[in-house]
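Q: Here the protein sequences line up with chains A and B, keeping their order.
At position 23 of the first sequence the residue is numbered 445 (the numbering used here), and the sequence of numbers has no breaks.
At position 391 of the second sequence the residue is numbered 385 (the numbering used here), and the sequence of numbers has no breaks.
It cannot be assumed that every hint is accurate.
[Stated by the list, open to error] Stretches of chain B that chain A covers, calculated by requiring three or more beta carbons in the stretch to come under 8 Å of a beta carbon on chain A:
| no. | segment |
| --- | --- |
| 1 | 147 to 154 |
| 2 | 228 to 241 |
| 3 | 452 to 462 |
Source of the hints: derived by calculation from the structure; they are not laboratory data.
Ideal placement from N, C-alpha and C gives every residue a C-beta, glycine not left out.
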Amino acid sequence: MPRIVFAYLIRRVIGAVLMLVIVSMVVFGIFFGIPKLAGQSNDQLAASFVGKAPTAEAIAQTKHRLNLDKPIWVQYGKWVKGVVVGQEFNNGPSTEHCSSPCFGYSFKNNQAVLPQLEDRAPATLSLAAGAAVIWLISGVSVGVLSALKRGSIWDRAAMIIALGGVSLPIYFTGLVALALFSYKLGLVPGGGSYVPFSQNPGTWFQSLILPWITLAFLYAATYARLTRAGMLETLGEDYIRTARAKGLPERTVITKHALRSTLTPILTIFGMDLGLLLGGAVLTEHTFGIAGLGQLSIDGITGNDLPVVLGVTLVAALFIVVANLIVDLLYAVIDPRVRLG
Amino acid sequence: MKKIRPLAAVAAGLVATTGLAACGGGSGSTSDKGAGYNAAVDKVINTSDKKGGTLRFAISDDFDSPDPGNTYYAWSQNFARLYGRGLLTFKPTAGPDSNTVIPDLAQGPGQTPDNGKTWTYKLRSGVKFDDGTPVTSKDVKYAVERSNFTDELQLGPKYFKAYLQDNSTPYRGPYKDKSPEGLKSIETPDDTTITFKLSKPFAEFDYLVAMAQTMPVPAAKDTGLKYEQKMVSSGPYKVDSYERGKSMILSRNPNWDQSTDPIRKALPDRIELQLKQSGDDIDNRLLAGSLDMDAAGVGVQAGTQGKLLTDPAKKANTDNPLQGYLRFASLNLHVAPLDNVHCRRAVQYATDKVAMQSAYGGPLAGGDIATTILPPGTVGYTKFDKYPQTYKQGGGLDDQTIAKAKGELQQCGKPNGFKTKISARSDRPKEVAMAQAMQQGLKAAGIETEIVQYPAGDYFNKYVGAPEFVHKNGVGIMLMAWSADWPTGYGFLSQILDGRAIKPSGGNNLPEENNPAINKAFDEAIGNTDKDARAKVYGQIDQMAMDDAVDIPIIYAKALLYRPPNVTNVGITSGYGGQYDYLNMGVKK
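With these hints in hand, go ahead and build the complete structure from the sequences.
A: Right under this line is the structure:
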């Protein structure tokens, strides 16, 4: 690896770590600060981890157990310490050690956060990666074809469908798709059928077909429209005319000159979208009953579960950073004008 | 997730209207003729002793905890009986009898030689945990101690802690207090006898021991907050796996002996519970036959209701039971002018309950118009109507009822009405809609109101359950809902009408009712071991509270439930708030 590339990577990694530290501080601040602005006390926060009609004693015990009786900077310090050197967790009859990096224990289910993230990540990864392949291929293909056949029935039909894809939310298309393809036609398994790849690859694949297509439908629509617009703009450029004038075959003009240039912004957006999705495809996971990071984040947010919210947010941020880094590196491959060094 | 509900309902509605779902495809989809609308409300239907198959549950939520010692949810306690046996449990039947408690791990109901201050239970012999070790009374004592006295397990009720005698040095639970005798007021003279000594007579103790907290836990296997991951079963099924937010799988407990358990049929070979599933998808799967039961037991989604009710075949597989809840408005006795009983009675007459019922979802999804605080099905319920209302043809209270309200206003010294505030939970749109309907209705009598909204999470802890806040902010009318932890008048009323339940915050006695006659009646009732006499007193307490006009009953909550024809032994239990009883469910195929 050239030295300059290595230095570039090091700079990006340091930047990513700094960003994650800032994200963790912001999440901590939001979690405690915003509710306080609305008048919520730590007693009320603790009460959400106690049963119905809790006594003052139960609230006080819970507040103490979760460290909510300590100032916010002390809590943050304890959390950071857990990440760096690990922490102890009292189960009641025994104490267990959570090794570094320990992202704390869920306020709600008392399980270490990191194993939960590791447990949920494969489902989200399976969902996002499969859908990404579909939407990238189909979206770009449809966009290119629409641009080449601009104004045709094909173009109009494709763009109307794309508009539908962009407009219809997942929980609408997902439910309709489930009802039609699963419960009526019986072509694919229904909601809640996801199993990990390691458990049964066949069922894993079958259970993800509908979520992949539903999720890809939403994104493919956007990519088709972006590709079409980019291609139309590029095809009007002077260098395309020059390429054609040189007598290059149309296929070469389209694929090597026009498409290559169009793909640069598409790739940027793809990196962002994929990074975001890897942090949790919330609606798709909810609609299809897939226990991924998105569902975990929703549970964390609705349950006032700070350690889980922090964990998922950091993972999501990490994915976005990594995805962006990969995209930046890929620029050099796609666009000859961009070279590192 | 709440935000997506309306659009999800539209999607479900589209699915429903286009007839996409429920046409087949699932393994259990059948054209079986249903047993009839509301058939399972009063009796167990599809009765069967056929063993085998897999019973498939799903729910849109998760357990608070599946640990029997750390759960409060009604469905969770209903479900826990598949893998645990408490001393007593609710009778697995339907109708009024389903709120009676019968022996489970115990041989018989509690014996009390001193009018409810000491309770002794004899355990059945031969009961074993799933690891083959015998269940003893010490395991029950330990279960009660850990669930009520530890700092860690805080999700379940704490009634044992409230009613049992404490040690001379306050007992701190088995995790901190390692002394062999533990809580001295629970005695286990031998392996099959357990005696509870209370600080005062409590005639309904049998209901307390019917809670999941008496399901035995062997001390050596207790892992505290982690116990839910590896529970030891005493019921007919053992827990093969429980994954938070994903699923729970049960299979037969090889050490469960039918001869020790006369109330369970243990029909399915395997029970699956999927957690955190989409509510709309659960409905679709139930209709398609690829799922057997929604474990939540709170009714189908809004988009599914129309579909079920417009198709006679599907309607024949539905039930619309009472859920044991009352939705009501409390009138605070310290916020003028509602400190005057006549002003409160004026509000009683001028409240348009029908409009509020419609706002909450109508008779099917909302419930029946209520006239009493105790809902039907609760021990002690007595039907009466202190403030009868009549309505105009096109809706709204008629002139006669409004005249009654104005008459009360006259006596209150506010002939032209008054102003006050109505509170509702901001994140419960149906409750806010109820407040708006109430506001409109009260206008007709000259009572002007301002609606104030507070978040549900802090509703009782910070706002309406904190008297100081209520007085300072003049919140005269507070909307809320209430259900009992056990289905008797004491279980339902004591927290919302007993003056000693008023707390600086987090209380549920929102009107701050502190009527000495009511307080005395509670004490006399709970110290009386005559069940019928107690029931009579509960009805009287209800009438006294309505005389005081402190609460306006709006609706007895109901829900529309769907039971797939594939499921056997289906009946609504009022012991667990109007859900289906899961104890003896099976599947046809």
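Q: Are three or more residues of the segment 452 to 462 of chain B within 8 Å, CB to CB, of chain A?
A: Three-residue rule met by the segment 452 to 462 of chain B, so holds; n is 4.
Q: Counting residues of the segment 147 to 154 of chain B with a beta carbon closer than 8 Å to any beta carbon of chain A, are there 3 or more?
A: Our answer is that it holds, as 6 residues pass the Cβ test (under 8 Å) against chain A, meeting three.
Q: Report holds or violated for chain A covering the segment 228 to 241 of chain B, Cβ cut-off 8 Å, minimum 3 residues.
A: It holds: at least three residues are needed, and the segment 228 to 241 of chain B offers 4 whose Cβ sits within less than 8 Å of chain A.
When the structure is compared with the earlier hints, no violation turns up for any of them.
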